[in-house]
Amino acid sequence: MNGRSISRKEFLKAGGGALAGASVVGLAGCGGGQSSGGSSGGGGGGKAGKTLTYWASNQATSIQGDKQVLGRVIREFKKKTGIQVNLQVIGWPDLFNKITTAISSGQGPDVLNIGNTWSPTFQQTGAFLPFDQGALGAIGGKDKFIETAYRTSGMHEPYPSVPLYGLAYGLFYNKAMFEQAGIKSPPKTWDEFVAVARKLTKPPKQWGFAVEGASITENAHWAFMLGKQQGGSLFKGTKPTFDSPGVVRGVAQYIGFMDKDRIVAPQDAQYSTGTQSPADFAKGKAAMVIGQKNYMINFKSYGMKESEYGVSHMPIPKQLPPGGKPIMSHTAGINISIFKNTQNKKGALEFVKFMTSKKMQVYLNQQYGSLPVTKEASKAQVFQTPVMKVFLDVYANHSAPMPLVPDEGQMETLVGGAVKTLFGKAATGRVGTSDVKSQLAAANQKMAAGGGA
Amino acid sequence: MREERFYRVLRVIGLAFFTLITAFPLYTVVISSIKPLGDVQSAFHWIPSRITFEPYVQIWSTVPLAHYFINSVIVCVSATVISVIVAILAAYAVSRYRFFGRNPFRLTVLSTQMFPGILFLLPLFIIFVNIDQTFGVHLYGSRVGLIITYLTFSLPLSIWMLVGYFNSIPRELEEAAMVDGSTALGALFRVLIPVSLPGIVAVAVFAFMTAWGEVLFASVLTTNATRTLAIGLRDYASQSNVYWNQLMAAAIVVSIPVVAGFLALQRYLVQGLTAGGVKG
Amino acid sequence: MSERKSEPGATPAVGRRRRWLGPQMFPYLLLVPAIVFELLIHIVPMVFGVVISFLKLTALYIRNWSQAPFVGFENFRIGLEPRGAIGSALVHSFLITLAYTMLVVAGSWVFGVAAALLVNSEFRGRGWFRTLFLIPYTLPIYVAVIAWEFMLQQNTGSINTLLVDDLHILKNPPFWLIGGKAFWSLVMTALWRSWPFAFLLILAALQNIPQDLYEAAAVDGASKWRQFRSITLPQIRPVSAVVVLVLFLWTFNDFNTPYILFGQSPPAAADLLSLHIYINSFVDLNFGLGAAMSTLLLLFLFIVSVVYVRLLRVGSEENA
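Protein chains in written order, with our numbering: chain A, 1326 to 1778; chain B, 39 to 318; chain C, 205 to 524.
In case anyone wonders, no lab produced these hints; they're calculated from the structure. Errors might be hidden in some of the hints.
What the hints assert, rightly or not - Only pairs whose alpha carbons sit at most 25 Å apart, straight line, appear in this in silico DSS-like list of lysine-lysine:
#1 A:K1665 to C:K428
#2 A:K1527 to C:K385
#3 A:K1585 to C:K385
#4 A:K1762 to C:K385
#5 A:K1700 to A:K1714
#6 A:K1403 to A:K1509
#7 C:K260 to A:K1610
#8 A:K1530 to C:K375
#9 C:K385 to A:K1750
#10 A:K1704 to A:K1683
#11 A:K1564 to C:K260
#12 A:K1530 to A:K1683
#13 A:K1469 to A:K1671
#14 A:K1650 to A:K1683
#15 C:K260 to A:K1750
#16 C:K375 to A:K1585
Can you make the complete structure from the sequences, with help from the hints?
In structure tokens, the structure reads:
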């Protein structure tokens, strides 16, 4: 009897053994993420002192654009320090996930960009180098940063990141339309704003105001900003309070632009990419839009010249309710972090110092249309235009950081999603304050139940 | 006669219906790829205001499409070839040797189709990293890791289909060859495979298609250098603008290999499926 | 079902030289590559994933897995608690996914059979139709879904242009990607992409049906409809069974379609399970909870498959 067949028992035994063995190997190996080296992310293993891997976010109009802009930075850095930076530009859809997988595996870049609202979340993981006195000293000291910017970098000092590019919200208005309607100056209060917008709303082709109604992040920001103006807060300490009266009023106001005041086109309820409302503005379909400074890049790509629009700050209520603050933006921006298990700590700190130096801050923020985060750079001549002054003023003096809680991402998803749903309803009907309250309450419940840490 | 006419009319209506629902989206994609950007960002019109082939030129510079193309080709062809070979060997073993029965095997294969990708995405990445640390074999972020992943995704169904296909081919053919002095492997290669070509082609096509369009694992397991087309397409929606016309043009360019390949090999596919997976 | 043991390597000289490397190892060796890959990519990560569901693996612990506290069934409890916000969201997502899957699978089967019948009869140019109908399935998934996303835009999409401007079926262009209609957008997109798969397999099955069955029935005076019911349907039953099951599994697990259409925040009506779990894992960094939900999903599909296969086996034995 040759070639006897494999019996069921044998196969299962062999298979089971292999499976168990493999599982043990696999699980044992991943026990310690700390034990692995960090700087081999992009294959730049070799000379730890002479190379750095840097994950940059997509700030330009295309990833190629980022490579060009940062190419110059890398060349100058190499000339100055002899360190070769391996650059990876990662698009926003992937950046957060890639950072997460890098953290869980222990294999990642040396230096990386993060959205500054992610800082508290990542601080919790302990994966980033804390910027303590020593590290801060190595990059030039914490005082060089604009204070509001610095405060967004985490839940508590030492922060896991430092600011890199700043962004703030501003009110953009179409000069020609204003002139035509006899409006002399941009509105300063919300009442004025609605009145102006009504005058400029001529449906279906022209609307007074455009919003990005289906964008989770935009919606979360607006809930925060208007909520603060109305004396409400998204969190009390670490407890979520999405349905506090101030926040409800703020969100109701935002939704009201569409269904009550009718100054926003219903189709805006499906705008989600962050590019559609600025497109409407640039094409003359909306007279005003309130967005972050980098909307100006959008306008430009649609052929709108800077001379065609004016910039002012976001309106505030004529009378601030009790507890209300004149917040005109959240302190937005991009921060830069260092992975704790980098093999080239000295080089990484050098690079961060370089990126936050006056020369690089001026160059980069000019290229990207963002705001400098250091006091020195913001005094540079090139930033002294009327437009820049408005933004810098808002950024430094009238902005507040989004809640510095570990589950910031979840908060944005829940709050932003609630507002998105409300816009969906507003586009086809009327939304009452009770609707707003119930949506926010549901989101609040999910946040509170949220299995997160 | 009345019945004949009725069924003929029915057939015309039926075909028209399916043609319309299939062609409508395809037409939208094609026509949008030759419209200027302004057109695709405003109300949709059946006939473009102006026809331009610029998007087809621009797509190569807005995004390093050629680079992604090469990556995709390397990864998908390798994954397909290896997957087919491994599947053939495994299917041969299952089909020609006495195992503990077909149904448990079928259920095992079936169960792999139930695995939600998100469940093992992160663990897979971590395992790759650990392999790198223990054996120095660079799997994450490299094309090799992606190839291994993709070839395994299509393995269960490939094996299943080939088992079915092999089963339908009488063993006498190989036994005749072996009596003549060939080894089992020899019989496999010289006799069984040529006869099973339609089934093998079917398996190869499915494996290739699955790999070509995969998004989730590619987004985590690739770097800028090893990026594939499937996720590269997302780059056309950038920070400031969604270049819809370029996106549509790129979509067409990206689809051509798989669509053309699939359609050209249709005949084999139908044959392969008929004897193979169909009878499973 | 022949269970004849075939004798590999019949030449004794080769076979008996070393017993441990002998003929009985041969099938093992053939299987080794497949088993290795399956273990590496499918099995071990899956087991690992299930293990994670018993840990409180949140942002705090993703750096050191082994440190994450063992919490037993806590994650499962949170996920299934019907009164809790998370549990009820999960149940809602499950129901939506179930409805979605059944519609897509049923629709794909009906369309697939219909189109296969149409194309199966001899007429000139049928090859062209077959080719055309297969195209949606061959497109990379991203392309197919993004095409529909483009078409479903409220103000710039071709669907509304067709419905409102050309056919005047509706007066105001509706929103397809937000609100309640989002569910139907999902179904349409998935159906468009899936039915050619059913079409292909059923066509293959149809071509296997011996013609004389039909001829005999026609001689007996059976109408076309009768022939369809008594000959065609039973003949394609095995294939249909496979198609339906496989489509069910793939559609239920579908991550790409909702993710590409809606990103990380789908409307409630379109909150499919895979995306729901993904958001819980990757956006909130609560991998323990996400893994628990995935394990539950896996369990559900496993039970469904077993029941399904059992039912069919019993059925086919009776019919045989």
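Each hint, compared with the structure:
Of the supplied pair hints, the one linking A:K1665 and C:K428 is violated, its CA atoms being roughly 74 Å apart against a limit of 25 Å. This hinted pair does not check out: A:K1527 and C:K385 have alpha carbons roughly 28 Å apart, beyond 25 Å. For a cut-off of 25 Å, the pair hint linking A:K1585 to C:K385 stands: about 23 Å separates their Cα positions. With a CA separation close to 24 Å, the supplied pair A:K1762 and C:K385 stays within the 25 Å bound.
A threshold of 25 Å between alpha carbons decides the hint, and for A:K1700 with A:K1714 the separation of about 13 Å falls inside it, so the pair holds. Of the pairs offered as hints, the one joining A:K1403 and A:K1509 is violated, with about 52 Å between alpha carbons and a cut-off of 25 Å exceeded. Distance check on the hinted pair: C:K260 and A:K1610 sit about 50 Å apart at the alpha-carbon level, beyond 25 Å; violated. Only pairs whose Cα atoms come within 25 Å are accepted, and A:K1530 paired with C:K375 is accepted, the gap being roughly 18 Å.
With a C-alpha separation of about 12 Å, the suggested pairing of C:K385 with A:K1750 holds against the 25 Å cut-off. Restraint check for A:K1704 and A:K1683: satisfied, since their Cα atoms lie roughly 10 Å apart, inside the 25 Å limit. Straight-line distance between C-alpha atoms of A:K1564 and C:K260 comes to about 20 Å, which keeps the hinted pair within the 25 Å bound. Under the criterion of a C-alpha separation no larger than 25 Å, the hint pairing A:K1530 with A:K1683 is inconsistent with the structure, at around 45 Å.
Annotation: proposed proximity of A:K1469 to A:K1671 holds, straight-line Cα distance about 20 Å (limit 25 Å). Among the hinted pairs, A:K1650 with A:K1683 is inconsistent with the structure: their alpha-carbon atoms are about 32 Å apart, more than 25 Å. About 37 Å separates the Cα atoms of C:K260 and A:K1750, which puts this hinted pair outside 25 Å; it is violated. With a CA separation close to 22 Å, the supplied pair C:K375 and A:K1585 stays within the 25 Å bound.
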